[in-house]
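Construct the complete structure from the given sequences, taking the supplied hints into account.
There are 4 protein chains.
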Amino acid sequence: MDFKELEKRLVAFRDARGWGRYHTPKNLAISAAVELGELLEHFQWESDEEILEAVKDPAKREAIADEIADVIIYLTLLAHELGIDLDEAVERKIEKNGRKYPIRI
Amino acid sequence: MDFKELEKRLVAFRDARGWGRYHTPKNLAISAAVELGELLEHFQWESDEEILEAVKDPAKREAIADEIADVIIYLTLLAHELGIDLDEAVERKIEKNGRKYPIRI
Amino acid sequence: MDFKELEKRLVAFRDARGWGRYHTPKNLAISAAVELGELLEHFQWESDEEILEAVKDPAKREAIADEIADVIIYLTLLAHELGIDLDEAVERKIEKNGRKYPIRI
Amino acid sequence: MDFKELEKRLVAFRDARGWGRYHTPKNLAISAAVELGELLEHFQWESDEEILEAVKDPAKREAIADEIADVIIYLTLLAHELGIDLDEAVERKIEKNGRKYPIRI
Chain A
2 MDFKELEKRL
12 VAFRDARGWG
22 RYHTPKNLAI
32 SAAVELGELL
42 EHFQWESDEE
52 ILEAVKDPAK
62 REAIADEIAD
72 VIIYLTLLAH
82 ELGIDLDEAV
92 ERKIEKNGRK
102 YPIRI
Chain B
2 MDFKELEKRL
12 VAFRDARGWG
22 RYHTPKNLAI
32 SAAVELGELL
42 EHFQWESDEE
52 ILEAVKDPAK
62 REAIADEIAD
72 VIIYLTLLAH
82 ELGIDLDEAV
92 ERKIEKNGRK
102 YPIRI
Chain C
2 MDFKELEKRL
12 VAFRDARGWG
22 RYHTPKNLAI
32 SAAVELGELL
42 EHFQWESDEE
52 ILEAVKDPAK
62 REAIADEIAD
72 VIIYLTLLAH
82 ELGIDLDEAV
92 ERKIEKNGRK
102 YPIRI
Chain D
2 MDFKELEKRL
12 VAFRDARGWG
22 RYHTPKNLAI
32 SAAVELGELL
42 EHFQWESDEE
52 ILEAVKDPAK
62 REAIADEIAD
72 VIIYLTLLAH
82 ELGIDLDEAV
92 ERKIEKNGRK
102 YPIRI
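Chains as they are written, first to last, in my numbering: chain A, 2 to 106; chain B, 2 to 106; chain C, 2 to 106; chain D, 2 to 106.
Identical copies look the same in the list; a pair holds intra-copy or inter-copy alike.
In silico EDC-like links for lysine to aspartate or glutamate, alpha-carbon gap of 16 Å or less:
no.	residue 1	residue 2
1	Lys-94	Asp-67
2	Lys-5	Glu-92
3	Lys-5	Asp-88
4	Lys-61	Glu-82
If you're looking for bench data, these hints aren't it; they were derived computationally from the structure.
Rendered as structure tokens:
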């Protein structure tokens with residue numbers, strides 16, 4: 002699934018529920034931050050080693066995956082509201098990063 | 002570009018720069034939060050109407066798109082470290098949301 | 002209660018529970034972000050007018066106050082770990098802001 | 002300086018600059034999140050040991066202290082807008098935490 006397809010599905014999903022009027026830029030950005038907070042909660046008191054051990058449990062891995070997915074979902078909806086093409090944006094950012102941090106040989 | 006392909010490119014990018022040892026779950030989650038903070042900065046003092054007006058300017062739109070892309074990039078790298086398949090995770094989360102919020106006819 | 006006194010109480014609280022070893026800088030900073038995410042959740046879908054109306058209800062106001070307090074509690078514990086005097090830090094930052102944004106007459 | 006006094010100074014500061022109309026609940030909560038993102042940036046790629054070593058440098062410690070102070074400043078202004086007494090809120094939250102996590106003897 003690319004971002005264009007994801008965007009289409011998410012917009013259809015929210016329009017079927019009449020949620021469009023709540024999807025303002027600020028509300029969607031705040032929502033992404035709320036979900037990222039829930040993601041961070043999984044890493045609050047555990048060391049990196051404990052986290053890597055914990056995600057061997059499929060239930061724990063799914064719980065974390067759900068939070069990452071939620072952030073991506075809200076960011077895709079935000080991009081939609083702002084007229085941002087996410088496939089293009091991610092591509093361009095990777096290129097920018099490549100120029101900013103060239104590989105040292 | 003789907004998430005599997007994005008993951009491959011980002012992992013190749015960071016391995017070419019020897020950054021792998023910094024990419025622990027906590028560091029990557031913190032990095033996503035840092036970039037989300039930079040995204041929020043664009044919405045700090047403006048109303049939703051002003052934001053929607055401002056993104057008509059391509060430079061402003063690109064600046065915001067860069068921040069959204071950065072969050073997605075770090076989340077993709079985080080998913081990689083945790084053995085999470087993001088295409089599957091986003092698909093599953095949309096289905097879960099559909100069951101949680103059924104369409105009322 | 003000033004920050005010095007708050008710090009003392011919070012350190013005594015956590016030491017009485019043997020939590021000190023979890024209180025690393027990264028864990029405490031992540032904890033502040035988790036609580037800030039919970040604070041943002043109260044503002045996710047409501048307009049500013051709706052929020053100001055909602056906090057007239059003491060229960061809602063207390064729920065939001067709890068989240069703000071949690072962020073402050075973790076930041077105070079973080080400052081403790083880093084050897085930062087918060088009373089001094091806040092005082093100095095207000096002075097810096099005053100120089101950065103002088104009052105225009 | 003207690004929160005009541007801090008609140009008074011911050012409100013006087015912003016009123017002297019005519020910033021009151023920007024200080025809506027959502028804007029102030031977003032601002033706290035922006036500053037927390039800047040705080041997290043100091044912990045992005047360093048281990049806890051490296052952070053504790055780095056803050057021995059007064060300039061680094063002040064840079065981090067500034068970010069913590071900024072979050073506290075915006076939370077105090079947010080509490081003001083919502084009619085929340087922060088001294089009372091922090092006191093009450095510590096008591097709640099004490100009941101939730103009693104000391105085991």
